[in-house]
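Each chain, letter by letter, is given below.
Protein chains: 2
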Amino acid sequence: MEVFGDNSCPPSCNTLGFLQKNNSLEEKGRLAGHKNLLSCDNSDRDARFRLTETDFSNLFARDLLPAKNGEEPTIQFLLEMVDILTTYVKKTFDRSTKVLDFHHPHQLLEGMEGFNLELSDQPESLEQILVDCRDTLKYGVRTGHPRFFNQLSSGLDIIGLAGEWLTSTANTNMFTYEIAPVFVLMEQLTLKKMREMIGWPNGEGDGIFSPGGAISNMYSVMIARYKYYPEVKTKGMSAAPRLVLFTSEHSHYSIKKAGAALGQGYGSLFLTPGSFVSSRPPILQWLCVLLLQGYVPLFVNATAGSTVYGAFDPINEIADICEKYNLWLHVDGAWGGGLLMSRKHRHKLNGVERANSVTWNPHKMMGVPLQCSAILGILAGCNSMCAGYLFQPDKQYDVNYDTGDKAIQCGRHVDIFKFWLMWKAKGTIGFEQHIDRCLDLSQYLYNKIKNREGYQMVFDGPQHTNVCFWYIPPSLRDMPDGEERREKLHRVAPKIKAMMMESGTTMVGYQPQGKNVNFFRMVVSNLAATQSDIDFLIDEIERLGRDL
Amino acid sequence: MEVFGDNSCPPSCNTLGFLQKNNSLEEKGRLAGHKNLLSCDNSDRDARFRLTETDFSNLFARDLLPAKNGEEPTIQFLLEMVDILTTYVKKTFDRSTKVLDFHHPHQLLEGMEGFNLELSDQPESLEQILVDCRDTLKYGVRTGHPRFFNQLSSGLDIIGLAGEWLTSTANTNMFTYEIAPVFVLMEQLTLKKMREMIGWPNGEGDGIFSPGGAISNMYSVMIARYKYYPEVKTKGMSAAPRLVLFTSEHSHYSIKKAGAALGQGYGSLFLTPGSFVSSRPPILQWLCVLLLQGYVPLFVNATAGSTVYGAFDPINEIADICEKYNLWLHVDGAWGGGLLMSRKHRHKLNGVERANSVTWNPHKMMGVPLQCSAILGILAGCNSMCAGYLFQPDKQYDVNYDTGDKAIQCGRHVDIFKFWLMWKAKGTIGFEQHIDRCLDLSQYLYNKIKNREGYQMVFDGPQHTNVCFWYIPPSLRDMPDGEERREKLHRVAPKIKAMMMESGTTMVGYQPQGKNVNFFRMVVSNLAATQSDIDFLIDEIERLGRDL
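Here the protein sequences come in this chain order: U and W.
Residue numbers for the first sequence follow the working numbering, beginning at 1 and rising by one.
Residue numbers for the second sequence follow the working numbering, beginning at 1 and rising by one.
Keep in mind that the hints were calculated from the coordinates and are not lab data.
Treat the hints with caution; some may be incorrect.
Any copy will do: because identical chains look the same in the list, a pair fits if it lies in one copy or spans two.
As the list claims (entries may be wrong) - Listed next, the in silico SDA-like pairs over lysine to any residue satisfying Cα-Cα at most 25 Å (straight line):
hint : residue 1 : residue 2
1    : 488       : 378
2    : 515       : 388
3    : 448       : 512
4    : 227       : 239
Being a predicted model, the structure only gives us computed values, none of them experimental.
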């Protein structure tokens with residue numbers, strides 16, 4: 001690393017405590033203003049950085065810690081990386097930057113200006129590694145950009161980001177208290193808070209963070225089956241009658257995946273048309289038919305915030321049926337669960353306290369970095385196998401804190417810390433403000449386009465932030481309804497989306513649903529988005545779609 | 001943030017480019033020595049830090065980006081966090097620090113010197129958040145410490161760590177090329193390299209990174225079942241005969257969990273005694289018995305590196321049987337797969353190229369940060385549900401790169417980047433050196449204690465880094481073998497382990513296995529460990545166990 005020779009370093013150069021050899025405890029006290037900063041592990045003098053002249057072109061991974069004399073290059077390398085990352089963070093929030101710099105797979109595979117994805121036998125220099133990191137970000141998608149609306153998960157929460165950096169540095173595993181004491185307790189306390197928000201008495205129950213909503217939903221089917229037919233665990237599906245799972249057509253496809261994976265077959269799913277909104281009669285009807293044919297209804301999934309429409313099933317009505325027929329009630333709140341944090345919107349999940357299990361992904365509506373998904377409910381026994389090498393009963397601490405045997409996983413990533421830290425930093429009211437703001441913004445979009453020329457809504461009165469609409473280019477506005485118009489309209493959203501991605505200005509999702517041809521699905525979960533970004537999106541759709 | 005007022009900043013103060021307002025492009029060219037550093041996204045002047053005076057006690061999460069004027073506090077906050085983390089990294093490799101500072105769950109729950117885990121409605125200041133982060137690390141376990149031998153995953157790889165920081169900052173999801181173009185291609189290329197190391201012709205086949213070895217093993221059962229009985233996907237287990245999975249007693253418990261979860265029941269597992277090493281006759285015998293009873297053998301799991309003993313099943317012999325009876329052969333190389341990178345040790349997996357599927361966890365023997373696990377084999381069709389909102393066929397790019405429909409997950413964490421970056425930085429030869437060094441170190445331990453007074457080996461001639469042994473305290477050395485001695489010996493390892501954790505000096509695992517009472521399982525996967533650390537462990541066991 002070369003020295004810039006900048007001798008005119010300003011007085012404030014050392015403000016952060018970076019790059020200092022000998023800052024005194026007194027100075028640290030001034031920095032910190034808190035006794036814990038002094039009493040903690042990191043307080044001694046030698047911990048601060050020393051400087052060396054570093055040329056990364058002659059340094060390799062083998063020169064970093066634990067190599068002898070590896071401390072200097074390690075710190076310099078990490079700081080250089082942080083420079084790359086903080087620059088990226090700033091750009092992410094800068095509307096003058098693109099959301100993405102699109103290239104086709106073959107272009108990236110052929111190598112972009114020296115960005116070579118191929119792996120080789122010999123090591124590359126740390127300089128090249130840093131270049132590779134810059135390029136990785138350059139050709140990626142800025143999911144935290146204020147104009148990225150493509151996915152239910154968007155935004156870049158700074159506290160959550162810092163939490164993830166710490167999690168990576170701690171590099172541990174959730175299966176035992178032994179090697180993750182703090183994280184295991186944080187998970188326990190946070191799950192209890194979530195159960196309190198759901199409304200279960202005293203927050204009682206159980207739960208676990210899983211690798212995403214699909215796995216959380218899979219847990220729900222497993223625990224339902226285990227409750228009613230525990231012998232399936234040892235004997236397989238032959239120990240149970242022909243079980244039926246109910247869910248709506250609009251529910252997430254992971255329920256279907258779960259049916260297939262768990263040996264029930266996704267044919268065991270009965271899909272009620274649309275969302276459950278008007279489906280009480282169909283359910284009852286199905287129940288009668290099924291019971292007569294020897295099938296046994298087991299489980300009902302009520303969706304709280306469907307993926308495409310953001311629709312909320314009427315949980316109380318469904319709970320009544322479940323109670324009557326002794327069915328397991330699961331609420332898939334992967335997308336809508338966050339609304340429980342809002343006094344204004346939580347009524348949309350009324351009845352959730354009657355559920356047997358709930359999926360809730362803080363990484364969606366609450367802006368927690370990926371991944372962070374919880375399954376809440378009683379897991380005990382469902383997956384336990386009591387592996388002797390991990391879950392020794394003769395440990396010196398209370399082994400009830402070893403959570404691993406509840407999971408279908410063995411090792412489990414630490415997904416809790418970033419969420420815990422965000423909750424600490426924002427408070428419950430911070431999440432509430434986030435939710436309310438995003439829903440307000442969607443309402444702004446809905447109001448803006450519902451009567452605007454060239455727009456047609458897929459449904460009225462959005463319940464969540466999902467606003468689904470067709471943009472009708474001028475060429476189609478006077479065309480009579482019919483197959484030709486439908487076919488043309490079906491091609492509009494993909495074309496606009498492709499141009500959007502090529503220009504890199506914004507991103508929004510589209511899809512067909514049932515009989516509806518391709519339409520845009522707008523969602524807001526990014527705190528960085530404002531009305532001006534909504535306006536920008538609409539302008540962009542019109543600019544790109546005007547001549548189609 | 002206060003200014004320290006250090007005016008004597010040395011010329012090299014700005015070496016890193018941190019804290020600079022106006023470094024010129026020319027200077028950056030000197031720093032980088034590479035045109036990509038100039039042509040990349042991060043090259044403009046304003047991207048460098050500016051300084052402000054920051055008092056974190058008056059700042060909150062709401063003051064960070066995307067807040068107006070949030071850029072300054074955001075950067076300052078992230079840099080302060082990096083100071084905490086780099087200090088932790090340095091300490092991790094410092095043998096004068098403890099591996100852990102043990103506290104019981106109730107102690108941490110009651111609150112340690114102001115470290116309060118409870119969540120509340122109101123936000124906390126960023127100063128408190130930083131203190132919480134320091135405390136989180138203080139009361140955790142340093143899994144990268146040279147004397148942490150407790151788990152198959154240990155160590156703290158600096159390149160991998162930097163890769164995880166970048167991954168968190170990019171905060172995206174693996175399901176589509178659309179939002180993770182670079183990561184999706186990296187995954188594809190890296191999986192191909194892994195298949196080449198396995199020895200499949202031209203590296204052909206498929207695969208995916210999953211949330212850990214247990215899920216990877218679950219995939220193997222699912223894809224085997226799908227290949228032979230595809231109708232199970234729609235119709236459930238009633239579409240298949242009574243299927244049997246074979247695995248050894250010593251195999252990982254996740255095979256059992258998979259049987260239970262997938263609706264086959266873990267009773268569908270036939271556990272051959274011990275490892276498979278001498279089990280060819282038992283398998284054949286079982287096959288005959290089963291076929292007569294109307295069961296259909298489906299799947300054999302051969303373990304390459306068992307969890308406790310590190311034993312390798314003889315894959316070729318098992319493959320012969322699988323070919324003869326048309327069974328799916330899965331190799332669970334979660335722990336042992338890394339040995340494929342070593343020319344000296346890869347022969348232990350001879351025959352792996354005949355497997356239908358392979359689990360391989362780079363986060364274990366190869367030192368990649370948690371989590372990083374691959375399942376390699378043909379996945380196509382097994383889990384696909386073609387969700388319209390994600391996998392639109394009318395995208396502008398080649399949608400074969402959308403990988404999400406292969407997974408049992410929907411969203412999927414980016415586990416590839418850190419691994420890809422480490423491979424770039426170390427080269428294949430760097431992983432080989434890592435593996436060889438860890439195996440040499442285990443051999444050193446084995447040679448040291450095999451004939452040492454007070455030690456008894458659980459098995460001779462370790463195949464992996466697992467060295468399993470009893471430490472016999474002087475009080476038991478002359479006691480005749482029998483139930484009393486067994487009971488006393490059973491309590492030795494837990495007692496020593498408890499004292500180890502209380503003193504925080506080192507950590508090693510123990511467990512019983514079959515008829516063997518509690519013994520220590522020593523494993524090495526941490527590049528930081530040296531012979532002196534092995535010596536330290538043995539000294540520590542003798543110091544703590546001498547008077548038992």
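Structure versus earlier hints, numbers of those that do not hold, lowest first: Those not satisfied come down to hint 1.
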